[in-house]
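Visitor: What follows is each chain in one-letter form.
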Amino acid sequence: MTHILTGATGFVGSALTLELLQNTDDLIIGVVRPKKGLTPIERLRGVLLPLIEGYGLPASLTETVMERVSAVPGDLAHERLGVGKLPITDDVHFWHCAASLQYQDRHRAAIDRSNITGTMNALELARSLGADHFNMVSTAYVAGSQSGRIEPVPGRLDLVNNLYERSKVIAEDIVRSSGLRYRIMRPGVVIGHSQTRHTTSSDGLYGFLRGLRKFRGILERTQPGLAERLVVRVRADAEGTIDFVPVDHVAADAVALHRANAPQGHYHLTNPTPPLIADALRSSFAVAGLQQPLVVENRDGFTATDIKLGDRIDFYSSYIVNPKHFDRSSVDRVIGAAASPGLHIDPSVMTDFCRWYMDDFELGRARLPVAR
Amino acid sequence: MIQNERSPILVLGTGRCGSTLISEMVCDHPDALSISELFSFVTDLGMEIERPFPAGTLSGAQFWSILATARPRQSMLLRHGLKMPEVIYPFEDGPASASDLPPILQAMLPHLEPAEPDQLFRDLADVVCAQPSQSIGDHYRDLFGYLQRRFRRALWVERSGGSLRIAKRLLATFPEAKVLHIVRDGRDTALSMSRHIGFRMALLCGLQVEQLGLDPFGSDDRSEEEDLPDELAALLPENFSASAFHALDLPAALCGHYWSGEIICGLEVLSGVPSDRLLTLRYEDIVTDTRRSVECLGSFVGGDDSPDWVDRAVARVEDRSGSWRSLSEETAGQLAAACEPGMRALREWLLVNEPALVG
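Protein chains in written order, with our numbering: chain L, 16 to 387; chain R, 7 to 365.
Rather than coming from a laboratory, the hints here were simulated on the basis of the structure. Owing to the predicted nature of the structure, the values given are computational and were not obtained by experimental measurement.
Heads up, simulated DMTMM-like pairs for lysine to aspartate or glutamate below, C-alpha to C-alpha not over 25 Å straight-line:
(1) K51/L <-> D233/R
(2) K51/L <-> D375/L
(3) K50/L <-> E231/R
(4) K50/L <-> D127/L
(5) K50/L <-> E244/R
(6) K51/L <-> D226/R
(7) K50/L <-> D233/R
(8) K51/L <-> E230/R
(9) K100/L <-> D41/L
(10) K51/L <-> E68/L
(11) K51/L <-> D221/R
(12) K51/L <-> E231/R
(13) K51/L <-> D227/R
(14) K174/R <-> E243/L
(15) K50/L <-> D226/R
(16) K51/L <-> E244/R
(17) K174/R <-> E235/L
(18) K50/L <-> D227/R
(19) K51/L <-> E377/L
(20) K174/R <-> D191/R
Computed beta-carbon distance windows for the label pairs:
(21) E57/L <-> R350/R: 55 to 61 Å
(22) G339/R <-> S332/L: 23 to 29 Å
(23) E377/L <-> E335/R: 38 to 44 Å
(24) P243/R <-> I56/L: 35 to 41 Å
Even for Gly, the Cβ is constructed at its ideal location relative to N, Cα and C.
Build out the structure end to end from the sequences listed, making use of the hints.
Guide: Printed below as a string of structure tokens:
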């Protein structure tokens, strides 16, 4: 069997690749955009090999990567992803992991090009290769503004919070109507490795953290010491949960579904034991060096400063208001005991995940022009 | 007339506090050479603070480059027709264009030589480039000394809007200087900042720097561009437009936080200045008790104040008081809260360091 992956250099796609290598004897071909003067295989190996140590995986996996992973150049923007004929003689399983995680209005065209047109182009390639299954990595947050128990059913455009969610709802719809056998896999907010906390993601939790850290920088540039004094208001449902799910758990569930020959359908690759939003906010604000926020139910009484912070973390508000509990029954029905047990993310574990990213972020930060 | 050497004066303030009025008064003074907005423009509106204060020695040509090389932010504003009132170069008469106007031609030279700023610029190029390798402070002193001789003035008085933020650098560079500290109600000042082209530019550039993790005018790396809200992305150098600039939401309360920071940090620096070398003037006093304020200023500058000068200086004062009282109750409340740390620090400071006019 051969697996074709888009987004194999991405956060979820790379974890999925390593999981497939560890749990199957199959070959893997990544469709990779050439970048920074690197060939597709150089780029792919450049991502995968450091992860072996980062995720605490056996060193022997290095050899496996070298033997069983190959790459072809491709781009979401091109028909059939710009991929020509591939010398594949066995069954093909297609994994579409590539996506744009942008959400700003100014990126609307780019988001649609990657997530909607890109999905159409990926389907076309999968169809031309006679793929047995089309596995699409989407997001559990296609649920949009719904709250409470979220069934694994199609998302609704009238409920989306932002352009990213909108693009995913449309892309899922395109997959469902493609005629291919599909599995729509919907992770929660994917965070680093459950054991090592290692991450290559800069989105989700990490984008939120970065937004807070940069907000602190703005406060300090505006008035030294302000970040230590100012208490900002954040609109959130503190008692609800936020579905942070470790990347290795997502990959494990996805590969287990594949190996169990899961039927066509929707699967929430989420954390059965997600943390409280209040705990997540507490850890995030502390690690970002901000005072604990005042959690409120609505924006009444927001000051100019609260609004400015809100603007910077607006995308993430869909995670912290209208809390959701994702129904994993379709996953559990197929893989039962093999399903991810979940990671209990208490405040200390939450802080660990936040600190791992923030330490790495601070190390890579250039010296900024002085304010005084 | 050049008399015995007299201490130069640095006028320090947050900006939008009435210091331009001081420059105008000083400009009329028979003894004082009024250097206006030099440090505003060589620091590119406060976003290149280290560039005009390098460590070690530098040649005359290197110093001239600091004075004469157009800076990107100010050029961007002028290219888009965003000219702040402080920019007084006569574009209609002079050869310099808006896209590459040297820092000292923005205000400093036209302020000294309104009719022929370009001739003065050319003369200075020869003079400054011939200066020996020396510290940056000595370069500035030689420059000011040449201008004092040329205009026959006994001392120089430098005033740049918002110079309180670089007070520490200025006092380290010019330890011989006396300080005229001008203050104004933070609420009026912050409200004025929120509407002023230069402050809006400086503040938005600060926001961009923090969000991008670098200076977008100094680097084309946009790897963290996604972190910019749409309104700030629209003001990156490659996207900049006057309409996006005007559309930027910069609440007065944010400027109030900035003002408080400037006051708190500035007062800390000023606490190291001996009281006999420091004069604090309140803008509100200048407006309401003009003659006494002008006489105080005259005494601080020293020399003989001619009655003519006092009269001319008094006549320059018009009530430019701010309008924070016209804000909605909610907005005014937020502005007041943001300014309160600075107002408190200022009140405490004024208890110890009495302003020029008390009672």
